[in-house]
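Following the hints, position chain Z with the ligands against chain E.
These are the residues of each chain, in order.
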Amino acid sequence: MEKAFRNDAYAKVTGQAIYTDDLKLHDMLYAVPVYSEMPRAKLISLDGSAALKQSGVVAIITAKDIPGNIRYGQIIKDYPVLVDEDINSTGDVLALIVAQTREQAITAVPFIKIELQPLKPILDPEEAMKPDAEILHPFHCSNLTNYHRVRRGDVATAEKEADLIIEEEFSTSRVEHSYLEPESAICHLRSDGVMEVFGSMQHPFSTRRFVASTLGVELKDVEVKPLTCGGGFGGKDDTAALVCARAALCAWILKKPVKITYSREWSMRESYKRHPYKMQYRMGLNKEGQILSVKARIVADGGAYCSVTPWVTWRSTVQSCGCYEVSNVETDVYGVYTNNVFCGAMRGFGSPQINFAIEQLVEIAAEKLGMDEITFRRKNIVKQGSTTITGQVLDNHIVSLTQVLDAVLKESDYENKRKLCSLGNLNQKEWYGIGLAISYRGVSLGAEGTDVNSAILYVQPDGSVLLETSVFENGQGAESAMILIASEQLGLPLERIRYRMPSTSNIPDGGSTVASRGTIMGGGAVINASIILKQIITETIQKITGKSVAYFKDSKLLDSSDNLIMSWDEAIKLCYDNQVYPYAFGVFQPPQISWNEETGQGNAYFTWVYGCQAVELKVDSQTGAVELLNMIAAHDIGKVINPYALKGQYYGGMAMGAGYALFENCPCENGLVVPTNFHNYHPPRSINLPEMKAIFIENPDPISPSGAKGIGEPANEIMAPAIANAIYHATGKRYHSLPIRIKI
Amino acid sequence: MITVNGFNYYDYDLERKLSLWLREDLSLTGTKIGCDIGVCGSCTVLIDGEPKLSCRLKLKDVENCNIITIEGIALPDGTLHPVQQAFIDAGAIQCGFCTPGMVLTAYALLNKNPHPTRQEVRLAIRGNLCRCTGYQQIIDAVMLAADRLSSN
Ligand code: FES
Ligand code: FES
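For the record, the sequence lines run as chains E and Z.
Each residue of the first sequence is one higher than the last, beginning at 1 in the UniProt record's numbering.
Each residue of the second sequence is one higher than the last, beginning at 1 in the UniProt record's numbering.
Just chain Z, with the same shape it has in the complex:
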């Protein structure tokens, strides 16, 4: 069994690549493919809370795991998670291709370290390439999210 965004799946090909399974079979196309060799971070998903590169995994690697994709972090009524809202408010989004991976990486970071320094954010997102933003406003967004999460 594999759990994705709260739904359980039982029937799948163990040799199927996780990124393709999510995109093609489950239509969860928020998971992006930028390099397909594990060096750009666009395909990041959370596996048992850890950010992992779905282009480097097969379904046999994630059996009995709980997977969260970018489609799975807002509330069912569409209310955004504070990390998502902060990305919007801080202007951290341009072309948006890196955004799902960035948001999930930041989400995992803040779960572990609710009060990161800017340098710690920089380190946490080093595996996620962004060609548009120079990362400045992405780091602003993560700091803003940390602020808002801790004041709630």
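This is chain E alone, in the form it adopts within the complex:
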């Protein structure tokens, strides 16, 4: 059989892989956080003297000890590394206790005396949006972190012409990423004066900015080295960076290495979540089944701090009508401050919420019009050359919605099985249902950020290669994908290429490894570096031997008639002998996008991906228990780089989507996240999930040098509506909120 490739598999399967908490430095101290018990308050006083007397306790660190900025944030600098005065969340950290062991630090927590002056919290985003609501962050002058809109055509006129108008409301739950490895950081001040940071994170450069800001030093004075990351899913950005910043602060003050490893309870309490949304949709249709208009009002509870709420909700805005062509659109999307736990990036990034609404809405509309849901979708989906709701013409890549839809219909035998659905038949003990959902998704960051990435290929004198890119391993296999691409480009076996241990001091910032952009951006940079490297080698050989290299294959350099010129190793030796470095720095920069914030029009993303997922399930008509029978996904991923890792993204994404649909919920009570650990928060277990199938659709993208696009998030954004649709087909009831709890 063909085997999977991962450069870290051996270390991970033997327990040798070093995650941050596995590392110990000499003379290391341990810090733990002290949380606010109130969601909104003023910190009047904090007395650490009794805690300081506890065994092993070395220091109590508070905001007063911060040499740099107390607050930081990726968009709005609103997050206090440690609270100086204003408390906005029960995840706020008031102090750090540093001790010789972690247990000693934890034991000292109850000895901290804290005086708070309670303020009335705002826990409902609708309350926060009222004109007379108190402003939670006075320097920001508004309880909105952002407001985005789309204005296209004329909804009022379209509604007058419509034969049918449907209005529906949907809401989604707050979701915890549930990376199995809780946050962890180790920081120490190196002898050259650099603050060295080891940690578990998705974006070392963002961590570096947080740490430098907190310490009040320059970026060159902080070096972040991410260690093996035990899962991220978008969740190891801000919170992971904050944990690093706090460990760095302690190490800075105490001049000793300091480790902070979070317990699951702290992680659940403090770390940001996927935004809960409330979505009101009104859709106008004609009786031929064409969507004429969509009007939507979407409110995202961003919680106490901004994080990347404006970017998350921007994607929701651009994709607010799902993958359908609609000529008349009015979408208003609000990101709102409250005193709940804050929300930020999570796999999907604003699309799982939207798809949950829109993919049910189209089925509701189809049924009202007496059409089947597939015909209705076919009529309205974007096709080659279609214009999106933001005015982008989809003509620079293959629009493959029909292809992914057909693949899933065929594989699942949908049309036949759909006839077997129970629709709540009272004579059946068990209800059967099949359902599906489709989507398109803008690739990479779009107007959310600057999109550029780089790679370094550095061939050593013995012909072996060191590779480095500015995408980071979160566990998804990013490094392995980069090695595979380099190996193909250079015609070298995988074992001759080693991925360098990443560091923020080695390579320029390439943005966060989020938005399913790792393969397209990093892979693009690797290919561009390979082209430069091959050019350096080719020119050197031309100059010295007069021969023209046409191909790099099987560790050999060949001319255009496939004749051997020399081996790779000989070519590299020749370079070094002639004082030429076989070293290349490659950059990949996708085409610029455009966006008009006023009208919500523009070319939002440089390319798009298309996907379809289906599920079969059974519902017990007595208890309402749902049993998933199987799940299928087809995605156009552009080009397959690493088939096993790709499948892993499909399966993991579908599983997380199933969790979103049926099991996962993080309600807040008086601002405090209710679930505390995996006994009361339930990511799916093996017995909750069915067998899954992954179908690869390949339409290489012209903009992507490797042809590949992305899969991490597309795989995670449509299983919840597929399940909701299947549940409707089984029970005859629509469920408008997540997670779905079936009422009998």
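Hints should not be assumed to be uniformly reliable.
Unchecked claim - Cut-off 30 angstroms, straight-line C-alpha distance, at most; resulting in silico cross-link-like pairs (BS3-like, lysine-lysine):
1. K120/E <-> K278/E
2. K383/E <-> K160/E
3. K53/E <-> K112/Z
4. K3/E <-> K112/Z
5. K24/E <-> K112/Z
6. K24/E <-> K58/Z
Unchecked claim - Computed footprint of chain Z on chain E; a stretch qualifies when at least three of its residues, placed anywhere within it, have a C-beta under 8 angstroms from a C-beta of chain Z:
7. 174-187
8. 475-486
9. 652-662
10. 683-689
To be verified - Computed list of chain E residues with no C-beta within reach of chain Z, every gap over 10 angstroms:
11. K53
12. D84
13. G231
14. R378
It is worth saying that the hints were derived from the structure and are not from the lab.
Just so it is clear, CB atoms sit at the ideal spot from N, CA and C, and this is done for glycine as well.
Just chain Z with the ligands now, kept in the frame of chain E:
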């Protein structure tokens, strides 16, 4: 006395938590801590061949026991156990945080039941959370290991 991966230990604090003892005192950091309350399976070790959660045990609970951790199942020359090799070959590893616990749980299952069905594998690993893989390739890996072990 407690035996860990073939080495005998005599001097320890009976009240010490097994997971911490392994990680902190013996530097066997392959045993992971995901929840610390006995619900995620990351800290699974084999105690007299049975998969057990080391975050729920104290050393007094494992006196005179034979413990195997993830570091203890490959051959001394580094050759992987067939279960480990199958996890690699079937693509069952992503972030790897659940992997040690999964491998040990699967190892114990195959010792008892060398020819499990996919459903039996599903049941056996229900205590081991994995957020990355959806379990599909982990089950593939255990089936592959069962195949390879029985054809040897
Ligand atoms: S750490 Fe022991 S079961 Fe989770
Ligand atoms: S591989 Fe990441 S939790 Fe299982």
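Against the structure, the hints come out as follows:
1. K120/E <-> K278/E: holds (23 angstroms)
2. K383/E <-> K160/E: holds (27 angstroms)
3. K53/E <-> K112/Z: violated (53 angstroms)
4. K3/E <-> K112/Z: Holds - the C-alpha atoms of K112/Z and K3/E are around 27 angstroms apart, at most 30 angstroms.
5. K24/E <-> K112/Z: With a Cα-Cα distance of about 37 angstroms, the restraint between K24/E and K112/Z is violated, given a limit of 30 angstroms.
6. K24/E <-> K58/Z: Given pair K24/E, K58/Z holds - Cα atoms ~23 angstroms apart, limit 30 angstroms.
7. 174-187: holds (count 6)
8. 475-486: holds (count 3)
9. 652-662: With 5 residues closer than 8 angstroms to chain Z, the segment 652-662 of chain E meets the three-residue bar; holds.
10. 683-689: holds (count 6)
11. K53: Nearest chain Z Cβ is 24 angstroms from K53/E, so the label holds.
12. D84: holds (31 angstroms)
13. G231: Violated: least Cβ distance 4 angstroms, not greater than 10 angstroms.
14. R378: The claim holds: R378/E sits with its nearest Cβ about 29 angstroms from chain Z, beyond 10 angstroms.
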